[in-house]
Amino acid sequence: MWLTILKRLVQAVPTIIGVTILVFLLMSKTGDPVKNLLGPEASPEEIQQLRRELKLDRPLYERYLGWVSGAVRFDFGKSYSDPKQDVGPLIPPKVLATLELATVTMFVATVVALFVGVFSAAKPGGLFDGLSRTMIFVFLAMPSFWLGIELIILFSRKVPLFPPAGKSDLPFFTLEGLKSHFSHLALPVMTLGIGTGAALCRVLRASMLEVLHADFVRTAKAKGLSGRTVLIKHAFRNALIPFVTLSALTFAGLLEGSIIVETVFAWPGMGRQMVEAIKGRDAPIAMAGVLLAAMLYVTINLIVDVLYVVIDPRVRLDGGAAK
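First residue of the sequence shown: -10, per my numbering; consecutive thereafter.
Simulated from the structure, these hints should not be mistaken for laboratory data. Among the hints, a few may not be true.
[To be verified] With a straight-line cut-off of 25 angstroms between C-alpha atoms, the simulated DMTMM-like cross-links for lysine to aspartate or glutamate are:
#: 1; residue 1: Lys147; residue 2: Asp118
#: 2; residue 1: Lys73; residue 2: Glu89
#: 3; residue 1: Lys222; residue 2: Asp118
#: 4; residue 1: Lys210; residue 2: Glu199
#: 5; residue 1: Lys44; residue 2: Asp75
#: 6; residue 1: Lys222; residue 2: Glu265
#: 7; residue 1: Lys67; residue 2: Glu35
#: 8; residue 1: Lys156; residue 2: Glu89
#: 9; residue 1: Lys73; residue 2: Asp118
#: 10; residue 1: Lys268; residue 2: Glu30
#: 11; residue 1: Lys67; residue 2: Asp118
#: 12; residue 1: Lys18; residue 2: Asp46
#: 13; residue 1: Lys(-4); residue 2: Asp21
#: 14; residue 1: Lys(-4); residue 2: Asp294
#: 15; residue 1: Lys112; residue 2: Glu34
#: 16; residue 1: Lys67; residue 2: Glu199
#: 17; residue 1: Lys222; residue 2: Asp204
#: 18; residue 1: Lys156; residue 2: Glu30
#: 19; residue 1: Lys222; residue 2: Asp294
#: 20; residue 1: Lys73; residue 2: Glu199
#: 21; residue 1: Lys73; residue 2: Asp46
#: 22; residue 1: Lys168; residue 2: Asp204
[Said to hold, decoys possible] Just the calculated beta-carbon pair ranges, DEER-fashion:
#: 23; residue 1: Phe104; residue 2: Leu14; range: 17 to 23 angstroms
#: 24; residue 1: Pro257; residue 2: Gln0; range: 30 to 36 angstroms
#: 25; residue 1: Ile10; residue 2: Pro82; range: 39 to 45 angstroms
Note that the coordinates shown come from a computational prediction; the quantities given were computed from them, not determined experimentally. Ideal Cβ positions, reconstructed from N, Cα and C, are used throughout, including at glycine.
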C-alpha cells in the first residue's frame, strides 16, 4: 500500500506543476503591479528600480523557475503590494482561519447528513422522507451569498444572537474564547453547511436505497436479522464509499472555494486573501495560495483512497479487487 501511495504522490507532481504554470501565466497578463503600486505619477526611474527589486525585469520563464526554487524552500518571495513583506508569514493565519471554518462546517453537515440520509432511506416514501427531500431541494437551490445576507439580517439585526462578521481574536482554550469563536462561526457555518449538508444527504440516501435493494441485503433479511442490524451493519457500511468520496471532495472545495462566504462575513481566510491578491495583482500571494490549494486537494484525494480500503477491504489501492 505504501508503494502505491508513493506512486500517487509522484503522479500528482505534474498536476501541481501544471496548475502553477497556468496561474503564473494568467497572473502575468493582469497588468504591471509596479505601476499599480506606485501610481501614475511615478517616474520611469522609480518604476525601473522597483521592477528590479521585485525581479520583474527578468524573463517570464526565469521568474517562474526562481519562484519554484523558492517554493521548494517555502520561500514565496515578497508581496507586490508591500515589497518589504515576505509572503510566507501571511499564509498560515489565513489557512488556519479557512481550515477552522471548513472543518466545523464539514462536521456539522456530515452529522446532519448521516442522520437524515439513513433515516430517510430506512422508510422511503414516508413522511420524514418526503419532508427531508423537499428541504434538500430547497436548500440546494439557495445561493450562498443570498443566504448569508438573509442570515445576517435575521440573526444579527432583527434577533441579535450572533455577530454579523469577522473572526474572534480571543484565545480558543478559554470559556469566553470558546463562546466567542462559536458565535462568530455560527452564521458562516450555517451558510456553508446548509447546502453542503443537503448535497451529502442526497448522495447518502440514494446510495443507501441502492444497497438496500442488493441481493446480500435480501439474504440478510431472509436469515432473520433485524431491520436495524441490516440497515446499520450491512447497508450503511456498503453505502459509505460514494458518501466518503463526496465528503472529501466537498471538504476540499470548502478549503479552496469558500470565497463568497468569507467575503460576505469578512472572514479572514485563504479565499478572501486570494481575491484581494488577484484584485491587487499580487502574484506571489496568489501563487502561494494556488500551490497550497493544489497540495491540499491532492492530499485529500489520497486520504480518500486509503479510506476506501478501511471501509471495504475488498478494494485495493492498485485498482484491483482483493482476493
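Next pair to validate is Lys168 with Asp204; report whether the Cα-Cα distance is within 25 angstroms.
violated, 49 angstroms
Does the alpha-carbon distance linking Lys73 and Asp118 stay inside the 25 angstroms limit?
Between Lys73 and Asp118 the Cα gap is close to 58 angstroms, so the pair fails against 25 angstroms, i.e. violated.
Taking only the CA atoms, is the gap from Lys222 to Asp204 under or equal to 25 angstroms?
holds, 15 angstroms
Given hint Asp118 paired with Lys67 - CA-CA distance at most 25 angstroms:
violated, 55 angstroms
Mind checking the alpha carbons of Lys18 and Asp46 for me, to see if they're no more than 25 angstroms apart?
holds, 15 angstroms
Against the 25 angstroms threshold, does the CA-CA distance of Lys222 and Asp118 hold or violate the hint?
holds, 21 angstroms
Holds or violated: Lys73 and Asp46, Cα atoms, limit 25 angstroms.
holds, 18 angstroms
So if I understand the rule, the pair passes when the alpha-carbon distance is 25 angstroms or less; does Lys210 with Glu199 pass?
holds, 16 angstroms
Straight-line Cα separation of Lys147 and Asp118 no greater than 25 angstroms?
Measuring from Cα to Cα gives roughly 32 angstroms; hence the hint is violated.
Taken at face value, is the distance from the CA of Glu89 to the CA of Lys73 at most 25 angstroms?
violated, 29 angstroms
Does the hinted range 30 to 36 angstroms hold for Pro257 and Gln0 at CB?
The hinted range 30 to 36 angstroms holds for Pro257 and Gln0, with Cβ atoms some 34 angstroms apart.
Do the alpha carbons of Lys67 and Glu199 lie within 25 angstroms of each other, as the hint requires?
violated, 53 angstroms
Violated hints, listed in ascending order, are 1, 2, 6, 9, 11, 13, 15, 16, 18, 20, 22, 23, 25; each of the other numbered hints is respected by the structure.
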